[in-house]
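The listed protein sequences derive, respectively, from chains A, B, C and D. Just so we're aligned, residue 1 is where the first sequence starts under my numbering, counting upward by one. Just so we're aligned, residue 433 is where the second sequence starts under my numbering, counting upward by one. Just so we're aligned, residue 865 is where the third sequence starts under my numbering, counting upward by one. Just so we're aligned, residue 1297 is where the fourth sequence starts under my numbering, counting upward by one.
Check the hints yourself; a few may be wrong.
[Claimed, not checked] Computed footprint of chain C on chain D; a stretch qualifies when at least three of its residues, placed anywhere within it, have a C-beta under 8 Å from a C-beta of chain C:
id: 1; segment: 1381-1394
id: 2; segment: 1476-1486
id: 3; segment: 1550-1560
id: 4; segment: 1567-1576
id: 5; segment: 1580-1587
[Unchecked claim] Facing chain C, a subset of chain B residues (Cβ under 10 Å, in silico):
id: 6; residue: 453
id: 7; residue: 456
id: 8; residue: 458
id: 9; residue: 494
id: 10; residue: 496
id: 11; residue: 499
id: 12; residue: 500
id: 13; residue: 501
id: 14; residue: 550
id: 15; residue: 563
id: 16; residue: 571
id: 17; residue: 575
id: 18; residue: 577
id: 19; residue: 657
id: 20; residue: 695
id: 21; residue: 750
[What the hints assert, rightly or not] Once the Cα atoms are required to be at most 25 Å apart in a straight line, the calculated BS3-like pairs of lysine-lysine come out as:
id: 22; chain 1: B; residue 1: 538; chain 2: C; residue 2: 1289
id: 23; chain 1: D; residue 1: 1721; chain 2: A; residue 2: 106
id: 24; chain 1: C; residue 1: 910; chain 2: C; residue 2: 896
id: 25; chain 1: D; residue 1: 1411; chain 2: D; residue 2: 1328
id: 26; chain 1: A; residue 1: 145; chain 2: A; residue 2: 46
id: 27; chain 1: A; residue 1: 32; chain 2: C; residue 2: 1041
id: 28; chain 1: B; residue 1: 547; chain 2: B; residue 2: 609
id: 29; chain 1: A; residue 1: 177; chain 2: A; residue 2: 113
id: 30; chain 1: A; residue 1: 106; chain 2: A; residue 2: 145
id: 31; chain 1: C; residue 1: 970; chain 2: C; residue 2: 1009
id: 32; chain 1: B; residue 1: 639; chain 2: B; residue 2: 577
id: 33; chain 1: C; residue 1: 979; chain 2: C; residue 2: 896
id: 34; chain 1: B; residue 1: 478; chain 2: B; residue 2: 639
id: 35; chain 1: B; residue 1: 577; chain 2: B; residue 2: 609
id: 36; chain 1: A; residue 1: 32; chain 2: A; residue 2: 115
id: 37; chain 1: C; residue 1: 1041; chain 2: C; residue 2: 970
id: 38; chain 1: A; residue 1: 425; chain 2: D; residue 2: 1441
id: 39; chain 1: D; residue 1: 1721; chain 2: D; residue 2: 1402
id: 40; chain 1: A; residue 1: 425; chain 2: D; residue 2: 1402
No lab work stands behind these hints: they were computed from the structure. Think of the CB as a built atom: it goes at the ideal place given N, C-alpha and C, for glycine as much as any other residue.
There are 4 protein chains.
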Amino acid sequence: MTDLPIAADIVETANAQARADHEADYAALGEKLARRGVDVEAVTAKVVDFAVAVPSWGVGTGGTRFARFPGGGEPRGIFEKLDDCAVIHQLTRATPAVSLHIPWDKADPAALKEKAASLGITFDAMNSNTFQDHPDDPNQPLSYKYGSLSHTDPAVREQAIAHNVETIEIGQAIGSKALTVWIGDGSNFPGQSDLGRAFDRYLDSMKAIAARLPADWRIFSEHKMYEPAFYSTVVQDWGTSLMTAQELGSQAFCLVDLGHHAPNVNIEQIVTRLIRAGKLGGFHFNDSKYGDDDLDSGSIDPFRLFLVFNELVGAGSTLDRLSPAYMIDQSHNVTDPIESLIRSANEIRRAYAQALLVDRAGLAAFQEANDAMMASETLKSAFRLDVEPILAEARRRAGGAIDPVAAYRASGYRAGVAAERPASKSGGGGIV
Amino acid sequence: MTDLPIAADIVETANAQARADHEADYAALGEKLARRGVDVEAVTAKVVDFAVAVPSWGVGTGGTRFARFPGGGEPRGIFEKLDDCAVIHQLTRATPAVSLHIPWDKADPAALKEKAASLGITFDAMNSNTFQDHPDDPNQPLSYKYGSLSHTDPAVREQAIAHNVETIEIGQAIGSKALTVWIGDGSNFPGQSDLGRAFDRYLDSMKAIAARLPADWRIFSEHKMYEPAFYSTVVQDWGTSLMTAQELGSQAFCLVDLGHHAPNVNIEQIVTRLIRAGKLGGFHFNDSKYGDDDLDSGSIDPFRLFLVFNELVGAGSTLDRLSPAYMIDQSHNVTDPIESLIRSANEIRRAYAQALLVDRAGLAAFQEANDAMMASETLKSAFRLDVEPILAEARRRAGGAIDPVAAYRASGYRAGVAAERPASKSGGGGIV
Amino acid sequence: MTDLPIAADIVETANAQARADHEADYAALGEKLARRGVDVEAVTAKVVDFAVAVPSWGVGTGGTRFARFPGGGEPRGIFEKLDDCAVIHQLTRATPAVSLHIPWDKADPAALKEKAASLGITFDAMNSNTFQDHPDDPNQPLSYKYGSLSHTDPAVREQAIAHNVETIEIGQAIGSKALTVWIGDGSNFPGQSDLGRAFDRYLDSMKAIAARLPADWRIFSEHKMYEPAFYSTVVQDWGTSLMTAQELGSQAFCLVDLGHHAPNVNIEQIVTRLIRAGKLGGFHFNDSKYGDDDLDSGSIDPFRLFLVFNELVGAGSTLDRLSPAYMIDQSHNVTDPIESLIRSANEIRRAYAQALLVDRAGLAAFQEANDAMMASETLKSAFRLDVEPILAEARRRAGGAIDPVAAYRASGYRAGVAAERPASKSGGGGIV
Amino acid sequence: MTDLPIAADIVETANAQARADHEADYAALGEKLARRGVDVEAVTAKVVDFAVAVPSWGVGTGGTRFARFPGGGEPRGIFEKLDDCAVIHQLTRATPAVSLHIPWDKADPAALKEKAASLGITFDAMNSNTFQDHPDDPNQPLSYKYGSLSHTDPAVREQAIAHNVETIEIGQAIGSKALTVWIGDGSNFPGQSDLGRAFDRYLDSMKAIAARLPADWRIFSEHKMYEPAFYSTVVQDWGTSLMTAQELGSQAFCLVDLGHHAPNVNIEQIVTRLIRAGKLGGFHFNDSKYGDDDLDSGSIDPFRLFLVFNELVGAGSTLDRLSPAYMIDQSHNVTDPIESLIRSANEIRRAYAQALLVDRAGLAAFQEANDAMMASETLKSAFRLDVEPILAEARRRAGGAIDPVAAYRASGYRAGVAAERPASKSGGGGIV
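In isolation and in its complexed conformation, chain A is listed as follows (with noise of 0.2 Å):
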């Protein structure tokens, strides 16, 4: 039996008050979608099967190199970062599993799968870190300033190498079933970095991370065109990822974070080619209108998560086979991260549910015609829908909350781990 974070009747006194409401549009909802020969039920079906895992970093309060502002009650470890990671669960019936950052959520494992456990979730992909320096961490003595995997010094690569492998067993301990491996390796100034020599390193410390992989493991290379290097980054877009995971074999895969992109790139595309490649691993979803914002999912371009999972749904049984790991990754710099996480697993899921409602075989006919005007709209006209009232349902049906933020907000939880954990200091990023 579960320890919820928040008492069950708060949400069902919330749920009691949106319940009229929220009928009379599922109702309607139902109804035009009946007209148009599409069960309402069905789709409901569909997205309450859909998950999406939440970071565990997530639920600090994040921010620029200029400034942190933290909010009231910030988790002050892994254990607390897992009571906030659960309301997120238990208001949206959408984020079952966490996943984790090592060394930042290094504890005893037995401890995290038995806290876990209590709280109904599970642990999802495992995330190193070999960014930043981690002083106190007595596995990493060594600094990663001139980059990590790719490092010119084999003592640090070694170090990198090592640091995978113990994210590895952690994981292992507490039932994960993937690494992602993202380094913010690359260089400043041109000439600073051999470009080629980098990536050869880069490689060779990937297969030697590979190879202590588990048989039922992935591992997820994740691209990102710059920041913190601001000239080259080792694995700088798609194209070094898919040669990634294509010379370290079948357990390695492409993972998409939506932000890591340069201006104007077609994500959805790069999301159908890597489904032909086969090497579509998963997601870091989040929005970003400049460069890597990190905001909430959907919030800036919403127009663009649909038409990513229009080609995930519309790859069908393929993508079945390949079973992306679909995860958030934000940065919360201005709201609170709870609230922050509960809306964005809303729009992923209601981009999904939208996409469920194309009418895929109009699609392609009109595609087929190069019935330009009418395909478009085909797509455009399911995004159009307000399928709200089927992600309400969808969380109320599973025990969430019909409107989750407000829920969460009349339950004080806020405030109530405010009281508890003490205030984080505000302070400067990178600037000195």
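We have chain A; now place chains B, C and D onto it with these hints.
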């Protein structure tokens, strides 16, 4: 004996005027390099050997969708284009080969060979054209409005394949050894095209073309981010181009056009990745600030061009095995196209000469030591060298002009052809 | 009594078929809004009143510098263009005015007025054209290859000024009240043009035009980042456009084309700044993913279009005083232009309707309290509303079609004009 | 008599070693220029006079939101920062003034003046800081999480205004004559902030600050596209900055940071527009490839830096009247900050020297004649000149080092301060 388009004495007179200054500059640079332990003669010799192909279409005035403003003396067909190309080579001694575009340059192969031989030039990679309709080409009656090699209609795909095969055949007859395939296929609206199936059809078509490739030929896949398609492009980036070359096998390579990337992309790193993948096939050189602006090489960001050549020179024998095809691909809207191609050939050689002057042992040592300052300054100090005397000397030794634009202007060539060739009409582009 | 291009019974039949579903949808939406305290009828009434002008040139098939692929039944002149424009208005009841382009649309003003009256439409802002040569226009014999209003040669500037004055005169004769000036002036290479003097010359020319402006007219300065010029553009952004409008005085305003900005730019904020400066003159609506793609409004980023309208609606009475001119400016390369303009008019009204549905008091309160979550959700929840029933009802009430694309297709209009109007030729754009 | 941080004999020894080569290079360049009719001495004299300020914060190691990797001997406070700044000036003789950041550099003004005087340096524009919280500053207890000068809460605005006034007062006491205001105010989500009202509040606050400005001071408004705000930024571009300076009046000007623009923007044109508006106040020099990367000036796109100086030199006496403030603003993450600032000061002078060498009469004539080829080559040929001998000679004559990075390394300064100053801790940035 070749029939040079510009009288030899004009070049000689121009060189005689420029000679004293040139010799002083060359001697001063030689001394400076000698103090660094570099033999200027060795560099000059390599520059003499470095050639880049010019595009037949480049000698006509280009335009935008808004307008085309022709200059005087526009070439009326491939034979006049070859005359213009020969002027460029005569003065630069850097552009011994011409890249043809079919069906624009379709003509009797024997006549083409004879004409080229008389001008002392040869033919480089062939270019097919399925991004336009060719209502007057009996072999291409069907419209490419909705695509060519990736069209939903197999009849259109067959036509496009046959056109490519015909282009190979013409190339074989005139001594070419490579086919560059660039298609404009894509879509303008989300939903218009199935992103995955369009790529599958493209790959099938490319395989059919590759199956008809002579054993000593290469086929180049050229990617482009956008334009003429404005939502998705089938071969949108180097990742898709690499997947294509991998599927097609050992005769297939990727061609990099410097203007076909997303904003801010690190192009030199892509070049290095393709070298590692064994798939760098060649270049379309030009420069750009916004999109595929097709400006004169090195005119907007000369340091970027240098960085590309730094990767090429740095790849050493690996590059020699790949032997990439160097070609210019520009649109000359406001300059005399001959002058722009002369200048561009020089700029490309300039970047090559500067890259030759990088202290590679020093650079490698600084990189190994993570001395970012000295590594980047090592590169920058080579770029800062004013190598114009080397370029001029390389031209002069091979029989070209010390100052080729000045010699060209002195020759009165443009006025001469303007008197012979009727003025072409100014007009709008895609604007109606 | 107007002479509608599509028989009234066709529209009636189409509406009859769509009516039952439409009424159910409209009623359901009305109920939903009523529960939020919103009167759907008030919104519908405002939508009925919202009009956007169509561009005469938009009813022809557009193209790129690579190719133009014409559709069937292309209009041969301004009178046929007006017929096509009238179809759009008949079905949408959203586009009562047409924006003309001189000299393309030059014709006897009386005949133009009579034709428009017969079709029930009027004329909006006039557009001059000095970005192309017009060798057949006796008033514009000089070339604009190197600029028009900013040309170094005073004779060319005089010609361009005179052309704008002529455009005003034509506009006066047909009832227009504004002149939109967009020039392609700029340069392709650093150094080609003196950036400061070019702007001075432009300002002088604009002042000369403004001096000829009737007292009840406005003049719009339209900026564009690049294309056709690829290094510098004289009026490159809203800052330069604002300086222009400030210099020209009280009749001068800035026109915002949604596709004329740098990547990632926040366009809605520019709109708000121009409102504050008292200089927002109007819009050219379209959508884009890369450059000035000129795609159908709302087809790429519908949320962005909504955010622009959110600023407009939010400006309230300040906006009413400015009374900006709403115009569509698109290039229809792969669709039937009439269908694209129908859809775009609807999308623009959709964004307007959604913006009307924003809970402004709630939004302001959340903003004041820095409740970023609820403020952004307040906006998003209005965007998520499927307001198609309101748009359909607004069309229906004004005599248009519930589903205007379906009615258009049912009418056979395109096939009809294709039978009358000779096919125009496929061709390249600026590529030769 | 100043107390130089590096012993004079170290510089003398280094210069003695470099002298022979330097003299040969300077003589050769002098001869080359003389052949073009240019007196190298006149250029050298101007370079000697050209100064650029260094930022106090620039001598500490910077970082990103992901991590900060400090180097050895980090300065612990403003007095040690001034020591480091003095090293840069001693070796380059290009950076006689330091720009302070309050409250970071808050100290007794008399002590600051005395210290600076002892080092032979002075103080340039002051920088206020309201983009971070300063919980230890008794004058700034309120949080800037949701903005500062544009905050919805008048109390926060008052605090931010008072902080700026205090910064002016400190500046007055130490001889500064300008205040640079950069705020991070903006929003992360559409709807979070009212875009118009936020600007109104900002303007009101700036007016309150300007009202407190001494009569001989200037106030600089600095725009930035994004970061730390990721959806909207209150002063997002030069258009808004210009509106600000116009509202504030004759003491207000715009400051251009080279890294604060949208991708692909033509920065040199903005500089020229601000010159025409009479509002160019100064620069923050740095270089970037992606966003506000804050890399060493000229390290990514040296031609762009040259083009900015081409506009400045070309503006002649108009610029002299504006007398813009030249400052460096960079983040040194992987280099010794002193070395990066030495190099950057040189690069800025390099661009200035190259711009001085442009044949302006020739350029103007080619521009007037629309000879795009020769106009652009005129500019390029100045950029291609290797002016390092002029820069070295300018340093040498003023008492600096021929090769300042080499002299710095020979001095052992970094090892010396590293022995005295305790190591600062590596750490994450905004990532928790």
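Hints and how they fare:
1. Interface restraint, the segment 1381-1394 of chain D with chain C: violated (0 residues with C-beta to C-beta distance below 8 Å; minimum three).
2. Closer than 8 Å: that is the beta-carbon criterion, and the segment 1476-1486 of chain D has 4 residues meeting it against chain C, so the requirement of 3 holds.
3. Coverage of the segment 1550-1560 of chain D by chain C holds. Counting CB-CB distances below 8 Å, 4 residues qualify, and the rule asks for three or more.
4. Coverage of a stretch by a chain is defined here by at least three residues with a beta carbon nearer than 8 Å to that chain's beta carbons; for the segment 1567-1576 of chain D and chain C the count is 5, and the condition holds.
5. Coverage of the segment 1580-1587 of chain D by chain C is violated in this model, with 0 residues showing a Cβ closer than 8 Å to a Cβ of that chain against a need of three.
6. Residue-level restraint check for residue 453 of chain B is violated (minimum Cβ-Cβ distance to chain C is 22 Å; threshold 10 Å).
7. The beta carbon of residue 456 of chain B comes no nearer than 26 Å to any beta carbon in chain C, farther than 10 Å, and the hint placing it at the interface is violated.
8. The beta carbon of residue 458 of chain B is not positioned within 10 Å of any beta carbon in chain C (closest approach about 26 Å), and the interface hint is therefore violated.
9. Nearest Cβ of chain C to the Cβ of residue 494 of chain B: about 6 Å, under the 10 Å cut. The hint holds.
10. For the restraint placing residue 496 of chain B at the interface with chain C, the shortest Cβ-Cβ distance is roughly 4 Å, inside the 10 Å limit, so the hint holds.
11. At a threshold of 10 Å, the smallest CB-CB gap from residue 499 of chain B to chain C is about 4 Å, leaving the interface hint in force.
12. Hint status for residue 500 of chain B relative to chain C: holds, with the closest Cβ pair at about 5 Å, below 10 Å.
13. Restraint check, residue 501 of chain B versus chain C: the minimum CB separation of about 4 Å is within 10 Å; hint holds.
14. Taken as an interface hint, residue 550 of chain B does not check out: its beta carbon lies about 24 Å from the nearest beta carbon of chain C, beyond 10 Å.
15. Nearest Cβ of chain C to the Cβ of residue 563 of chain B: about 5 Å, under the 10 Å cut. The hint holds.
16. Because the smallest distance between the Cβ of residue 571 of chain B and any Cβ of chain C comes to about 16 Å, over 10 Å, the interface hint for this residue is violated.
17. Against a cut-off of 10 Å between C-beta atoms, the interface hint on residue 575 of chain B holds, since the closest Cβ of chain C lies about 6 Å away.
18. For residue 577 of chain B, the suggested interface contact is upheld, since its CB lies about 4 Å from the closest CB of chain C, less than 10 Å.
19. Among the interface hints, the one on residue 657 of chain B holds; its C-beta lies about 7 Å from the nearest C-beta in chain C, closer than the 10 Å criterion.
20. At its closest, the beta carbon of residue 695 of chain B sits 6 Å from a beta carbon of chain C; the interface hint therefore holds under the 10 Å criterion.
21. Interface restraint check: residue 750 of chain B against chain C, minimum CB-CB distance 34 Å, threshold 10 Å, status violated.
22. Of the supplied pair hints, the one linking residue 538 of chain B and residue 1289 of chain C holds, its CA atoms being roughly 21 Å apart against a limit of 25 Å.
23. Taking the CA atoms of residue 1721 of chain D and residue 106 of chain A, the gap is near 21 Å; set against the 25 Å cutoff, the hint holds.
24. Taking the CA atoms of residue 910 of chain C and residue 896 of chain C, the gap is about 19 Å. The hint holds against a cut of 25 Å.
25. Straight-line distance between C-alpha atoms of residue 1411 of chain D and residue 1328 of chain D comes to about 44 Å, which puts the hinted pair past the 25 Å bound.
26. A C-alpha spacing of about 46 Å is found between residue 145 of chain A and residue 46 of chain A, which places the hinted pair above 25 Å, so the restraint is violated.
27. For a cut-off of 25 Å, the pair hint linking residue 32 of chain A to residue 1041 of chain C is broken: about 45 Å separates their Cα positions.
28. For the given pair, residue 547 of chain B sits about 19 Å from residue 609 of chain B by alpha-carbon distance, which is consistent with the 25 Å threshold.
29. Proximity of residue 177 of chain A to residue 113 of chain A is assessed by CA-CA distance (about 14 Å); at most 25 Å being required, the pair is judged to hold.
30. With a C-alpha separation of about 22 Å, the suggested pair residue 106 of chain A and residue 145 of chain A falls inside the 25 Å cut-off, and the hint holds.
31. Annotation: proposed proximity of residue 970 of chain C to residue 1009 of chain C holds, straight-line Cα distance about 22 Å (limit 25 Å).
32. Under the criterion of a C-alpha separation no larger than 25 Å, the hint pairing residue 639 of chain B with residue 577 of chain B is consistent with the structure, at around 22 Å.
33. The hinted pair formed by residue 979 of chain C and residue 896 of chain C fails the criterion: a straight-line CA distance of about 44 Å is larger than 25 Å.
34. A C-alpha spacing of about 37 Å is found between residue 478 of chain B and residue 639 of chain B, which places the hinted pair above 25 Å, so the restraint is violated.
35. Distance check on the hinted pair: residue 577 of chain B and residue 609 of chain B sit about 30 Å apart at the alpha-carbon level, beyond 25 Å; violated.
36. Distance restraint check for residue 32 of chain A and residue 115 of chain A: the Cα-Cα separation of roughly 44 Å exceeds the 25 Å cut-off, and the hinted pair is therefore not satisfied.
37. Distance hint between residue 1041 of chain C and residue 970 of chain C is fulfilled; the C-alpha atoms sit about 17 Å from each other, no more than 25 Å.
38. Distance restraint check for residue 425 of chain A and residue 1441 of chain D: the Cα-Cα separation of roughly 13 Å lies within the 25 Å cut-off, and the hinted pair is therefore satisfied.
39. With a CA separation close to 22 Å, the supplied pair residue 1721 of chain D and residue 1402 of chain D stays within the 25 Å bound.
40. Between the alpha carbons of residue 425 of chain A and residue 1402 of chain D the distance comes to roughly 21 Å, so the proposed pair stays at or under 25 Å and holds.
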